[in-house]
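Numbering-wise, numbering that gives the first Met the number 0 puts 41 at position 42 of the sequence shown, and it's gapless, one number per residue.
None of these hints come from the bench; they were simulated from the model.
Hints may contain errors.
Claimed, not checked - FRET-style restraints, in silico, Cβ to Cβ: (1) K59 <-> P110: 20 to 26 Å; (2) Y102 <-> A123: 20 to 26 Å; (3) N62 <-> D94: 18 to 24 Å; (4) A123 <-> Y98: 31 to 37 Å; (5) Y98 <-> N78: 23 to 29 Å; (6) Q75 <-> I101: 17 to 23 Å; (7) N39 <-> I80: 20 to 26 Å; (8) T40 <-> I93: 45 to 51 Å; (9) A123 <-> Q75: 15 to 21 Å; (10) E100 <-> T40: 43 to 49 Å; (11) Q75 <-> E99: 39 to 45 Å.
These numbers come from a predicted model, not from an experiment.
Note that CB positions come from ideal geometry on N, CA and C, so glycine has one too.
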Amino acid sequence: MADDAEQVCCFVLYKQVYVFNSLVVAELSHSGCFHQQTTNTVEEPLDLIRLSLDERIYVKMRNDRELRGRLHAYDQHLNMILGDVEETVTTVEIDEETYEEIYKSTKRNIPMLFVRGDGVVLVAPPLRVG
0 MADDAEQVCC
10 FVLYKQVYVF
20 NSLVVAELSH
30 SGCFHQQTTN
40 TVEEPLDLIR
50 LSLDERIYVK
60 MRNDRELRGR
70 LHAYDQHLNM
80 ILGDVEETVT
90 TVEIDEETYE
100 EIYKSTKRNI
110 PMLFVRGDGV
120 VLVAPPLRVG
């Protein structure tokens, strides 16, 4: 293993461990301890989301709903916990006289939000300038 590996004893729910700002590669030893190392490489699509932990992200949802917030946690189903969220809901109304589409946006701020993954259409990582 790499020099930055460390030994950690912990209980793991569903044999998966997620930590902020890094991916945990863990092997269960006979003693019940995990030998882990962290990596910042992208090997699968969820790694892009992992690299966005503790960053502000954009999430497009079903039914014309958009979220911008800080990603605190996620799982393989794209269930997410977002903090400091700005939700934008866009509705379309049709003018009865001109039959034109009128788009209206409603915004609200939510301190902490659980997002169910089956409603997620798109997740965009934060823009990195530099």
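Going down the list of hints, with the structure as the test:
1. K59 <-> P110: 20 to 26 Å: With a Cβ separation near 21 Å, K59 and P110 satisfy 20 to 26 Å, so the hint holds.
2. Y102 <-> A123: 20 to 26 Å: 21 Å, holds
3. N62 <-> D94: 18 to 24 Å: Given about 22 Å between the Cβ atoms, the range holds.
4. A123 <-> Y98: 31 to 37 Å: Distance hint for A123, Y98 holds at roughly 34 Å.
5. Y98 <-> N78: 23 to 29 Å: Given a distance of about 40 Å, which is not inside 23 to 29 Å, the answer is violated.
6. Q75 <-> I101: 17 to 23 Å: 40 Å, violated
7. N39 <-> I80: 20 to 26 Å: 22 Å, holds
8. T40 <-> I93: 45 to 51 Å: Holds: the Cβ-Cβ distance is about 49 Å, inside 45 to 51 Å.
9. A123 <-> Q75: 15 to 21 Å: At roughly 19 Å between Cβ atoms, Q75 and A123 fall inside 15 to 21 Å, so the hint holds.
10. E100 <-> T40: 43 to 49 Å: Between E100 and T40, where Cβ atoms are some 45 Å apart, the hint holds.
11. Q75 <-> E99: 39 to 45 Å: 43 Å, holds
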